[in-house]
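Assemble the whole structure, with the sequences as input and the hints as a guide.
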Amino acid sequence: SENTITRLFETIGGNREVMIDFMRSYTKDDEATLLFDGTNIFTQSSKCSYAKKGYNHGKKKTTQVNLLYVFNYSTHAPIYYRLLPGNIVDRSTMVKTIHEAGIANCTVIADKGFYSKANISFLDDNNLKYILPLQSNTKYIKESFVEQGGTEKFDDFLIYHKRPIWYKKTTLGEKSHFLYIFMDTDLKHVRESLYLEKVKGEWKGYTREKFEKTSKKNYLAFVSNLDEDPEEIYLKYKGRWEIEECFDYLKNSLRVETPYQDSNEKIEAWSFINHISLIMFYNLINQIKKKNLCDKYTPEDIINISKNIYKIYSMMDKK
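So the sequence shown is numbered by my numbering: it starts at 3 and just counts up by one.
Calculated from the structure, these hints are not laboratory results. Note that this is a predicted model, so its numbers are computed, not measured. Take the hints with a grain of salt, since some may be wrong.
Only pairs whose alpha carbons sit at most 30 Å apart, straight line, appear in this in silico BS3-like list of lysine-lysine [claimed, not checked]:
hint	residue 1	residue 2
1	K114	K131
2	K293	K238
3	K114	K200
4	K131	K144
Label-pair restraints from in silico Cβ distances [unchecked claim]:
hint	residue 1	residue 2	range
5	Q137	Y162	20 to 30 Å
6	K291	I314	28 to 38 Å
7	T153	E19	53 to 63 Å
8	D303	I275	41 to 51 Å
All residues carry an ideal CB built from backbone N, CA and C; glycine is no exception.
Structure representation (structure tokens):
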């Protein structure tokens with residue numbers, strides 16, 4: 003009944019420490035590489051303090067809650083989450099999340115938006131390795147570098163999905179920080195063509211002048227304390243793609259984009275139950291891979307098949 007479910011949610015949601023202990027059991031691998039990413043969930047709730055007006059990925063301000071997630075790089079499975087008010091940005095909570103999760107001796111790979119001087123200092127002080135992508139307007143990519151034509155400014159190139167990716171590696175400061183800059187020439191041409199088509203079509207906000215200022219967006223840059231081959235850095239970051247599959251499952255398969263929970267305890271319980279579901283979902287993904295069934299089934303296929311499996315008891319069974 004509704005009352006039973008309400009009491010269950012209040013009981014679960016009031017035990018955050020127990021949730022933390024459970025999730026910490028997944029973060030004990032000292033050699034792990036961990037992926038950090040966040041997503042926003044729209045909500046209709048007006049009573050929960052997590053429901054705040056904030057900007058989503060489309061730059062629109064909506065009432066939402068934010069989820070900061072930690073994934074294991076090897077399995078891409080979710081191992082930890084932190085629920086945040088909708089008006090709080092991810093980078094300001096990375097330090098607290100690492101503390102709470104008890105993370106140590108690992109490599110942190112984050113998405114754009116996590117880089118900040120405070121986060122860099124914390125990671126350095128705690129001897130954590132990291133790969134942090136920079137925003138497209140970063141000052142670390144010099145205008146003189148952007149304006150220099152040709153590929154002579156790069157050290158070399160790698161091949162990714164049959165495309166050449168040019169790269170440049172330089173040192174930063176005195177703390178053994180490295181700047182890695184990559185450019186996908188094929189993607190650059192596609193982006194420029196799409197932008198100029200909108201200029202030609204007189205789309206609002208698209209101008210020839212602004213086109214000249216978008217040059218940095220064709221580069222992907224990272225700050226890291228790892229002194230590695232640039233190809234390794236690039237491939238490690240590109241290994242994040244399954245995270246999007248996780249968020250897609252969370253929002254679409256579970257259909258949790260508009261929670262109506264009216265208290266912090268209930269929304270904590272809602273988040274934790276979804277987290278358990280995600281763990282099961284990734285166990286399913288790994289089993290499909292292990293059985294070499296990826297070409298035949300998706301995880302959603304298995305879930306839909308399972309929904310139609312029933313066990314029927316006869317009166318004799320009950321006796």
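Consistency of beta-carbon spacing, E19 to T153, with hint 53 to 63 Å: 54 Å, holds
Q137 versus Y162 beta-carbon gap, inside 20 to 30 Å or not: 22 Å, holds
Need the status of pair K293, K238: alpha-carbon distance at most 30 Å? Since the Cα atoms of K293 and K238 sit roughly 25 Å apart, the hinted pair holds (cutoff 30 Å).
Given the hint of 28 to 38 Å, check if K291 and I314 actually sit that far apart at their C-beta atoms. Given a distance of about 33 Å, which is inside 28 to 38 Å, the answer is holds.
Hint check for I275 and D303 - Cβ pair distance inside 41 to 51 Å: 23 Å, violated
Check whether the Cα positions of K114 and K200 lie no farther apart than 30 Å. 26 Å, holds
Is the Cα-Cα distance between K114 and K131 30 Å or less? This hinted pair holds, its Cα atoms lying about 17 Å apart.
For the pair supplied as a hint, K131 and K144, confirm whether the alpha-carbon distance does not exceed 30 Å. Status holds; Cα separation ~25 Å.
Hint compliance for this structure: hint 8 alone is broken.
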